[in-house]
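Got chain A sorted already, so can you dock chains B, C and D onto it with the hints?
4 protein chains.
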Amino acid sequence: MALMTGTQYIESIRKLNMKIYMFGKKIESPVDDPILRPSLNSVRMTYDLAQMPEYEDLMTAISPETGERINRFTHIHRSTDDLIRKVKMQRLLGQKTAACFQRCVGMDAFNAEYSTTYEIDKKYGTKYHENFIKFMKYCQTNDLTVDGAMTDPKGDRMLAPHQQKDPDLFLHVVERRPDGIVVRGAKAHQTGAINSHEVIVMPTISMSPEDKDYAVSFAVPMDAEGIFMIVGRQSCDTRKLENTEMDVGNSEFGGVEVLMVFDNVFVPNDRIFLNGETEFAGMLVERFAGYHRQSYGGCKVGVGDVLIGAAAVAADYNGVPKASHVKDKLIEMMHLNETLYCCGIACSAEGNKTESGNYMIDLLLANVCKQNVTRFPYEIARLAEDIAGGLMVPAPSEADLRDPKLGPVVEKYFRGVASVSTENRLRILRLIENLTLGTAAVGYRTESLHGAGSPQAQRIMISRQGNLPMKKELAKAIAHVKE
Amino acid sequence: MALMTGTQYIESIRKLNMKIYMFGKKIESPVDDPILRPSLNSVRMTYDLAQMPEYEDLMTAISPETGERINRFTHIHRSTDDLIRKVKMQRLLGQKTAACFQRCVGMDAFNAEYSTTYEIDKKYGTKYHENFIKFMKYCQTNDLTVDGAMTDPKGDRMLAPHQQKDPDLFLHVVERRPDGIVVRGAKAHQTGAINSHEVIVMPTISMSPEDKDYAVSFAVPMDAEGIFMIVGRQSCDTRKLENTEMDVGNSEFGGVEVLMVFDNVFVPNDRIFLNGETEFAGMLVERFAGYHRQSYGGCKVGVGDVLIGAAAVAADYNGVPKASHVKDKLIEMMHLNETLYCCGIACSAEGNKTESGNYMIDLLLANVCKQNVTRFPYEIARLAEDIAGGLMVPAPSEADLRDPKLGPVVEKYFRGVASVSTENRLRILRLIENLTLGTAAVGYRTESLHGAGSPQAQRIMISRQGNLPMKKELAKAIAHVKE
Amino acid sequence: MALMTGTQYIESIRKLNMKIYMFGKKIESPVDDPILRPSLNSVRMTYDLAQMPEYEDLMTAISPETGERINRFTHIHRSTDDLIRKVKMQRLLGQKTAACFQRCVGMDAFNAEYSTTYEIDKKYGTKYHENFIKFMKYCQTNDLTVDGAMTDPKGDRMLAPHQQKDPDLFLHVVERRPDGIVVRGAKAHQTGAINSHEVIVMPTISMSPEDKDYAVSFAVPMDAEGIFMIVGRQSCDTRKLENTEMDVGNSEFGGVEVLMVFDNVFVPNDRIFLNGETEFAGMLVERFAGYHRQSYGGCKVGVGDVLIGAAAVAADYNGVPKASHVKDKLIEMMHLNETLYCCGIACSAEGNKTESGNYMIDLLLANVCKQNVTRFPYEIARLAEDIAGGLMVPAPSEADLRDPKLGPVVEKYFRGVASVSTENRLRILRLIENLTLGTAAVGYRTESLHGAGSPQAQRIMISRQGNLPMKKELAKAIAHVKE
Amino acid sequence: MALMTGTQYIESIRKLNMKIYMFGKKIESPVDDPILRPSLNSVRMTYDLAQMPEYEDLMTAISPETGERINRFTHIHRSTDDLIRKVKMQRLLGQKTAACFQRCVGMDAFNAEYSTTYEIDKKYGTKYHENFIKFMKYCQTNDLTVDGAMTDPKGDRMLAPHQQKDPDLFLHVVERRPDGIVVRGAKAHQTGAINSHEVIVMPTISMSPEDKDYAVSFAVPMDAEGIFMIVGRQSCDTRKLENTEMDVGNSEFGGVEVLMVFDNVFVPNDRIFLNGETEFAGMLVERFAGYHRQSYGGCKVGVGDVLIGAAAVAADYNGVPKASHVKDKLIEMMHLNETLYCCGIACSAEGNKTESGNYMIDLLLANVCKQNVTRFPYEIARLAEDIAGGLMVPAPSEADLRDPKLGPVVEKYFRGVASVSTENRLRILRLIENLTLGTAAVGYRTESLHGAGSPQAQRIMISRQGNLPMKKELAKAIAHVKE
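Chains as they are written, first to last, in this note's numbering: chain A, 255 to 737; chain B, 255 to 737; chain C, 255 to 737; chain D, 255 to 737.
Simulated from the structure, these hints should not be mistaken for laboratory data. Idealized CB from N, CA, C, for every residue including glycine. A portion of the hints provided could be inaccurate.
Here's a subset of chain D near chain B, in silico, CB distances under 10 angstroms, partners left out [unchecked claim]:
1. Gln417
2. Gln418
3. Lys581
4. Asp582
Each computed DSS-like pair below joins lysine-lysine, with the alpha-carbon atoms no more than 25 angstroms apart [as the list claims (entries may be wrong)]:
5. C:Lys581 with A:Lys581
6. B:Lys666 with A:Lys466
7. A:Lys419 with C:Lys736
8. B:Lys581 with C:Lys581
9. A:Lys388 with A:Lys269
10. C:Lys666 with D:Lys730
11. A:Lys581 with D:Lys730
12. C:Lys659 with D:Lys279
13. A:Lys581 with C:Lys576
14. B:Lys419 with A:Lys659
15. A:Lys730 with D:Lys736
16. C:Lys273 with D:Lys659
17. C:Lys273 with B:Lys736
18. B:Lys419 with D:Lys736
19. C:Lys730 with B:Lys736
20. D:Lys576 with A:Lys736
Now the stretches of chain B that chain A is said to cover, found in silico as 3 or more residues with beta-carbon under 8 angstroms [to be verified]:
21. 332 to 345
22. 439 to 453
23. 477 to 486
24. 572 to 584
The shape of chain A in the complex, shown without the other chains (with noise of 0.2 angstroms):
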């Protein structure tokens, strides 16, 4: 059974034991809570793709591993040709869902791992790569969705892990047995956690030996003894509890973040990555850092398609599809765009191989790529809600249009072109405000600039990667100047 149907997924979920809570209390079933559930759909949706053979060659592999073929998400890249496929994957699911489908961070952690293992391996004799092989092994068979954990509180951003006044502010280890380690900490902003079957904790900061507690990875199943999660809140996430479809804009798919807190957790050998080799936390970091900016380069254009088609749509609703302002900011929101997935796939068409044999995107054009993803939905979305109109968040609720006395006031009122319901042109408006301003907003604006690092952390890659002295000498060279 290397590749599960939706149905599968659902129910695999539905059968773990996780901890999870929300507004002060326990969910009992995450699976079937209004608020939870589109996330847990976007996920699943990974599964259903996988299983259309229009799209075989985008969502699932052979795996060199297993021989067997396996969904795309639990692939290790062998190729450039692997990476741009995944890029493309992104794009397709991000269309499809119009929201974050949560599974690239297990692909992204996955291959981070499998490269730095083997390098840690290498200088130190440990068996980490091998630990990792079999997780991946495990992960790949069942089909299993992984979420791949990295930022840490941080508490005082600018003192170190060991120097925070509460110790816990970065994930570490508390107690070294035989047969394992036991862990403290939490891990901030986790996206597809609780619809993952386990989680691949990494650190989250480049480290010194004084941090060697915290230099730890390693992957444990979600519903592991001493994990619980809080549910954060999102922009009109109780909308959902209302009873309306309309209104919330996207009512099947969506994305939700958590807190997962690791409460002395245990961690048996086997399943340990890195433990204590500080030097290593950062390559770790960077390389994961890496592929997940590359990510927002598919991800992130797919919504933008979405969005792109929603203000097109508007627009004919609106009467106004030949305006030529019109048309020129729907020209200008596909240019941005476009240049967003220029960037993912030039990271990936300039890949290279690492020496445990799998490929890492280019680091200088997976930032830069990175980097423009926190520009350039906010004036996507800008340009949508300007082609929407004034009436895109004003508009009235569902309950008004199906009210017997109010609805046909609003259908007579909020009508734009004679030949569209009013029903549809509310239906596309609440859309655009779902992804501007909504639950989706979090996604596509707010994750937009901080999933992955935040714009200053790129800048400082683009600072290490962009080779200045090098530039210098052409510079001297065409000036003649000597030295």
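Below, chains B, C and D without anything else, positioned relative to chain A:
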């Protein structure tokens, strides 16, 4: 009693018999409704500040008509100094409410009607100016809040009012009686309607003779027979029902938009300010829009001040107030915000006396002002989200913080610098969320874009007012072009 | 004779015995030099326009000191109205010259010295204000052009004046005599120097007590013993030697920068305005820079008007004035240009009276003004180049057009719309080249960037003047943060 | 002899009998002309680098047609890998010349003709593909540089070719003979013409049947009877005549544009690639433009590398390499430059096989690439000018530096950090001037804007290729819109 206290104002609104619907139901006591109340509080601030000596110069003026000290919101501008004070008053109110305080539409309608009715009367010998003066004095003496209602539903935007399939998609006269007229139609996106005593209705576009019945302007009380309103939804609106002061970000102030329906409303003759003189519809629109585009150079700047302050506090709480990129982003936010203010001040300082004697802003610069407002708040918001950090949205709920079991976990893991309470950190983040994604984002983003006319409306005015022919002559003179 | 004619001005400059070097040679008659003359013509325009009744209000003022009508460039601002007129005068001159007319540095130095000397005297009982008033009256009465010299060479920018390896990299006092002081050093980038009668020297940065000898300000005639100048190169400077009026784009007006060297120049006591009071160096710099940053909201706007006009003419000549994208780009150019103007007007309208009685612009807004000037002219230039089309640069020379054999070919193939002569088309394109790449680009681009302080200098001022602590308090009040 | 050395190339050009005019005079030995020579040197670099083993992979390829190793500039792309190598070769050449190396137009014409002639023949049974293959092999075997000439003078841009008042404003067939055709007209802005052996002429727009005589494509030697050229002016062109290696900034390399006139030029039948099949004119234009828009994602990036390097050196010499705002601006420059590179790589990696078997770039992404090139180099240039400082332009001439009296003064006052010679500092500033305002600015700015089609041309293509209907369907699916 030319100046009401805030309490008197609230009670005066409570006495009105407005018909307000929301989520399919009639709101029996709008003044006490948790979703609507913050918007009332914002208007109340225009009364409260007018009582404070330190703001007397900004908030009040001596009416040349009544000789009394009146609230500036009911004042006719008599100098460029009045115009500048208006902008400063608006910035102050934006700072105090971080929301739309709504009362400026009445002031802008007052000043547009004042000069336009004067010019209509001059041409046609009508009595609109006299009608208007009488109405104005009534409002000044009783310190009333007046809604200025311009935006019609418009239907198919490529069609003129009389060409629409449904004739009511622009408000129009349906019956002419000896004692007055009867009107039908609606006005959309009325932000201050539910908190106003009276409403001035104006046409929304320039008109041709065929649109005669649509060229109508008048004033009626908000609870006139035949008027009812449907409240529009806002991002996070129902969060205000969840008994959490923290999670809403700004629990005290807000703004709300409604559709105001005129279902055969009678307007007595002495309340009519335009009635069929189609060529003056455009003048009224242009002047009202001009004043209102000036307004945005004050109010949004004040809201921007709060958002900049919130981002700076968030940086303090994250422990990074001295990071050079954070400082630079705060500078950029202030730079953009003050550029908007420059535009608000400049179009005021360059104002001119109209034939009627009141002062009009510089039309070109007011349109330039609003055009910048359609851009910079979006970038300021993006920078605020950047500085706030990834936690801004998916922070846990107040319910989690107050929960005996989860509270300590939230306290522990969402703390930034050790010296600041997690609650304070969450409060500031929620305020930023409120302004960038939540209820206030409707005011700070969507309204900045579409209020007082969408971006393209300003571009058309800039094109008309920019005097390109003169600029061509300048160029030809320098280039020694002889034609 | 409080107002000279243009001709009188030229002759008065001719009489000076300035030492000016260019391309390694001394220029014997700078007034007649083809490279230098256009810059003289620009200053002359400040005299010519002052003679014209229609510009009297802008170009002149009544001096409270002499009681005579004087050129506004020698006037001390006595109101915000004076400050606004200054900006309008500058826009007018920019429109008439499409170049830097240079005389504002003197006006800005006058106003900065006026208030600063007053405050120094108040603290130290010195006679600087009296000295300055005497000098100022002399300039007013004789209608002199005064250079304001601030920028030192600065050497290693990380080092204070007294720390530089070569002590002369900042101008300083090298000898103190009973009758005056002797100074040595240089001032860089002096645009109006060669066309001025006198120069006011000011320090270029805030200083500490160790920099005592560098905290010096004074005025001397431009041909004082020991002063000499080296003219800097400009893009396309020597094209002015090629006997082509067409190819230079703007054959009449320009601006030129020089290095002004002070090789042991004696300054008599009554011409000294600052001498060792180091804590006032910063005030003088800040005020001069403040006034000068205001200036850019006038002069560059005027030049922008010419460039916008030229682009519009080019569009006419290309046959595309109605293409929607061309119209939109012209609107954008006007929008950006008027935004700069708004900043110039706003910092003037918000000016304040100093202790000495003259008026200071609003420092925050003046810095915001200049910061925008470091950006928008570049975008306006880019849009002008876009509209002009690919022919803008590589058009053939006037020599080709005038050649009997090649002329008809050029006529034929470089014609746009049939009704316009090729010569006129080429003239307009050359003007755009002049402003975006040629001699005038140094004024419209480089000077917009670095004149009156580089972008970072304004950002530091915005940071200081933006009152972030107050903004934080506003945010905390709204968010109900209690610390 | 499939690969010429640089020296052989220069001599081969010397042997041609081209008719080149400049400043109204015929240039007798263009190869030795100081204004033209740098442009020849740039093309020579394409020969020199092809001789170096370390660049063999990029600079050369094995021709499937001749079996020989040929210069990549004469190669037909057989894979996406070929397309990517093209971009990398161009970046390399941009880095080595900081100028336009001109030879890519021939390569782009080759690849556009290859596939288009194939498809014309398929439809009409013509022999254009055979003609083209023969010509191509000739060029490959002899390592020729080929100009690709597309842009007609166009006259009134609102009129089709056959509607122009002067029929020659688009190049056209004026006589049809048994052995060939005679053409008349001109091609504008030909950058590489004077350094090429052959020229491929192509139409410049889509055509309708009435434009039959204008739908013509062919190849002729550059010195064919009837061809002559007029060299266009460039900013600072004649500075190259002033015997100063320093002041020109880049003394070795450059680019020059000419008007190429076809005064009744005979084209033999076997050199014709299109002759009246009007519906294929658009295909040829679109493909050539597509390849050429890809090119800009390589060459301008290479030039950008030099400019970024120059700015970084200038910062070093100013003593401020560690100032946070300087570092941040350098990062921004690299970010923008690499974004362009991403676009160049992505449209290559996403290339597709044509019917004829060669590879075409992805048209949408290539247009996105060029659209960004019309923007980012301008911002990169602005940032370079910002970092360089105010001295960048008005620095003194080399003549001043070499003068015995003035030299020491220049040395003294234009020194930055004490350890760097003033000469080196001036050299770097002159290079930045050259790229932002001087001769190279024509390549880095104007050509970035208008080369391969003006910005609006790309927007039209983005609109056509962006598949908006599909995006609308995505949005409707998510919003549950049923029509």
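Practice problem: Mind listing which of the numbered hints don't hold for this structure, in increasing order? | Solution: 1, 2, 8, 10, 15, 17, 19, 21
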